[in-house]
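Same order as they appear, the protein sequences are chains D and Z.
Using my numbering, you'd call the opening residue of the first sequence number 1 and step up by one each time.
Using my numbering, you'd call the opening residue of the second sequence number 1 and step up by one each time.
One or more hints might be untrue.
List of simulated lysine-lysine pairs, DSSO-like, C-alpha gap at most 30 Å [said to hold, decoys possible]:
1. D:Lys343 - D:Lys107
2. D:Lys107 - D:Lys491
3. Z:Lys225 - Z:Lys73
4. D:Lys343 - Z:Lys33
5. Z:Lys73 - D:Lys343
6. Z:Lys73 - Z:Lys223
Examples of chain D residues lying across from chain Z (beta carbon under 10 Å, computed) [as the list claims (entries may be wrong)]:
7. Gly46
8. Gln53
9. Ser55
10. Leu204
11. Ser526
12. Pro541
13. Ala614
Note that these hints are calculated values from the structure, not bench results.
Ideal placement from N, C-alpha and C gives every residue a C-beta, glycine not left out.
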Amino acid sequence: MSVTAAEHSVPIERLQMSVDIACVGFGPAMGGFLTTLSRFLTNENGSPRLESQVSPGMPLQVICYERADGLGFGVSGAVTRARGIRASFPGVDLAQVPMAAPLSAEKLVYLLDPTEASMRSRWLRVADWLIRKLGRVSRLKDHAVELPFTPKFMRKHDGFVLSLGQFNQWVSEQIATSGMIQIWPGMPASEPLVENDRVVGIRLSDQGVDLGGEPGEDFMPGMDVRAALTVVADGPVGAVGRRLNLHFGLPNGNRQNEWALGMKFVIQLREDSALAPGTVLHTFGFPEPEIFGFLYVHPDRLASVGIFIPSWMRSPVRTAYRYLQHYLLHPYLWTHLQGGILKSWGAKSLQESGRHGEPILAGDGYARIGEGSGSTNVLAGSGVDEAWTTGVQLAEAVSELLQNQLPFTRDNLERTYVRRRRASWVDQEAKIAAESRNGFQQGVVRGLIGMALAGFTRGAVFFPARHRPISASTDTLERFYATRIPAMELKQLWRDCAAKNMALHDVIMDRCGWPEIPFDDQLLISHQDALLMGGSVQAAPGYTNHVIFLKPEVCRHCEPKLCVEMCSGQAITRGDDGVPTFDREKCVFCGACIWNCSSCGVKDQGSIEFRAGAGGLHSSLN
Amino acid sequence: MNNGYHIVVCAGVIPDPLQTLEPSTTPTGPALKNEIMLPAVLDPWASHALYEGANLAAHIPGSTVWLVSAAPKAKLQQVMMTVAQKASFEFVPIDVPSGGFADAHSLAGVLTEAIESIAGLDRTRLLLFGGWESATRGAGVTMQLIAEQMGILDQFQGVDQLTVQADGSFEILERIESGRHQVSICLGPPALLAWATGNLPEPKNNPRIGMSNMRTIVPALQKAKPVPLPHDGLRYLSVSPPQRQRQTRIVKDRSPDEIAAELIEWISQG
């Protein structure tokens, strides 16, 4: 029996095949897993060490299925201390990876608001006023204050600026050279196969179906791939991982209710740019106090510039793309970015519950690694190296079990993989970080104080948690904009947008005083142009819609529709009858819709189901 | 009696056209900026040739498909991850230095040598497939040069359709001007067919085909030795990308005819 994602009107006969280890998703965690495992599986003379249990005479069959069209497409990330990564490649200078640069400078910068449009609290406005009054004494320049230090818990001092797309491509080349592992991009897995609470493999997505999932003339049912071990590394919004969470639940007290959407541009800086490769800027304060930002400089005058929109931002029309453009235009950053050219664009959701968001890490026949397993350090703002290291840990565990011919049971995987993980720096630092963000649930100033407390006391002091379900994460329109826009006017704006099937955020931001974006056709471009020029978003035919509105009646009456406001690709729109519509040709698989569904029930299950699908972003400069 | 065909598909590896491609000048000649960073794909014309070849082999028992491709080994590995899921073939990789600015004559020589080294290849059953503008930045001569070096006289360019007739001959449709096709009858192999797009959709990704292919692809890649690619006498005077204009509008309430009329007017103004 499978944990069924989509029921067809007629039962479908599916082909099966068997492998030894089935892997889902290729990101840094899977890179760590397969790099380490491939080395174990290869003898010194290059011959395979182990024989396959399912194909006698052949080497162990380890197959990895990745949803995105290419191994560098579905990922993003940019600065890391790379401790685990470097340990996997001793003697290798990671600067050889395209777009990688060792850190050369790191700053933490507070950005004031030159537009006076942001929704700042009274205390923050007082602080800004004071900073402006003090002028140069407060180190104010270009509406920004460079703090005199970066907290130790945030620093990436000995690390690298990376393009995760390029890093993934590079890692996949190393793995492919071994000949021991097969990696298949463009092959989404729709669900795990579970029999009597044992994971026995995965089901690949159906092809040749219409948007509703019904078989067409060239229907090809997704194959069932059976395996003694299924390794799940499909990130925080991957279909297989989420199905496992639904089936097995999260460990007691754990919840995945803290998220952020990261959206970024990769920009070619102008010829006279003074920014050195390896420069890292962490920012906060603008475009809204809740929005953290970054600028990381790669070699060859490339820079990654982006922002994070957190789930604790209470605006009911929070959005990303326009805020990102305002971020670029902040004088402190625009000094460097003006005249630049957009090279790539993308967005992804980040699971920010940290250790509190851990699912069951291992069970009979399966193990979880990477961001979907809660490995991100939410205090340090670090995920790539942590994910990689969890992959290495699992590979070491699997190697031990294979060596001793032991089965992949929950007990064995807990004894080998989970034990390794708990004893490692990943978990120790995750414990320090565990309560560090509790303060944000009550506002950004409290949140920053809470981070500092937890960071400087190594987790000993922190604000208590006050968990809200996702459905209560935003204010009403009237309440949030009470000091800016009269209720009657808000209602009219909403009516006008509803009549035109438009999202609300632009008209409200305009009304709050956000200036118009001066499009220049090379860096500041429309949202739709970013999909085409930046993300090269693709949607191969023959796949079903992967965003489903499970409760249309609930959606019809839901206002404002946060899923529409937050959709990174404008793939979700209002719909003529109030029920949102989904255009898969614009979806970048960021997953923001999942955690921005305003109608979540008791277990934080909203109206949106996010299934497996192919395509999405098609740029490897992420 | 038809014992099946030996279908050899020559396919170049190119940077993914969806990425930003910028020419640059290096000490060794023109190149693409940061080409090493760009994901690679099988040349689209050659991909169609491969799908047509695989389709033909599936319908004619006793047929075999070989895919011959010359590119840096790392790029070949990368491309196989997508291509090998789509059609069954035996892989003949040639590890050559990067770049599509190679001399077509040199490249044809390398490919010819590799093809003639295929064990068991029966020239009397040989169909040499490729993309009609593959390799060498669309020069459109490589396949012809291979065929001439191999002494294959029956050559067809811009092929969209091949139909095996009852008597074993082929009816071949080649593209000509004004959207029309020239119809030819070829008595039989050996023949060169340099394909345009053909009529087949891109095959779906099939995990079984992928795993089966990998059993030969992996050892073939591991055995592939580097081969030099001479640049004798070739000199590029200038390289530039085609000019482009861009306008984006989103319309929801116009008919396809209205949109087409507006596009025609815009193109006419250009």
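Hints and how they fare:
1. A threshold of 30 Å between alpha carbons decides the hint, and for Lys343 (chain D) with Lys107 (chain D) the separation of about 24 Å falls inside it, so the pair holds.
2. Distance check on the hinted pair: Lys107 (chain D) and Lys491 (chain D) sit about 43 Å apart at the alpha-carbon level, beyond 30 Å; violated.
3. Restraint check for Lys225 (chain Z) and Lys73 (chain Z): satisfied, since their Cα atoms lie roughly 9 Å apart, inside the 30 Å limit.
4. Pair hint Lys343 (chain D) plus Lys33 (chain Z) holds up; C-alpha atoms about 13 Å apart against a cutoff of 30 Å.
5. Proposed proximity of Lys73 (chain Z) and Lys343 (chain D) is supported: the alpha carbons are some 27 Å apart, at most 30 Å.
6. For the given pair, Lys73 (chain Z) sits about 11 Å from Lys223 (chain Z) by alpha-carbon distance, which is consistent with the 30 Å threshold.
7. Hint status for Gly46 (chain D): holds, given a least beta-carbon distance of 8 Å to chain Z, under 10 Å.
8. Interface hint status for Gln53 (chain D): violated, as the beta-carbon distance to the closest one in chain Z is roughly 15 Å, over 10 Å.
9. Hint status for Ser55 (chain D) relative to chain Z: holds, with the closest Cβ pair at about 9 Å, below 10 Å.
10. With its C-beta approaching chain Z no nearer than about 6 Å, Leu204 (chain D) sits inside the 10 Å limit, and its interface hint holds.
11. Residue-level restraint check for Ser526 (chain D) holds (minimum Cβ-Cβ distance to chain Z is 6 Å; threshold 10 Å).
12. Interface restraint check: Pro541 (chain D) against chain Z, minimum CB-CB distance 8 Å, threshold 10 Å, status holds.
13. Restraint check, Ala614 (chain D) versus chain Z: the minimum CB separation of about 8 Å is within 10 Å; hint holds.
Comparing the model with each earlier hint shows violations of hints 2, 8; every other hint is respected.
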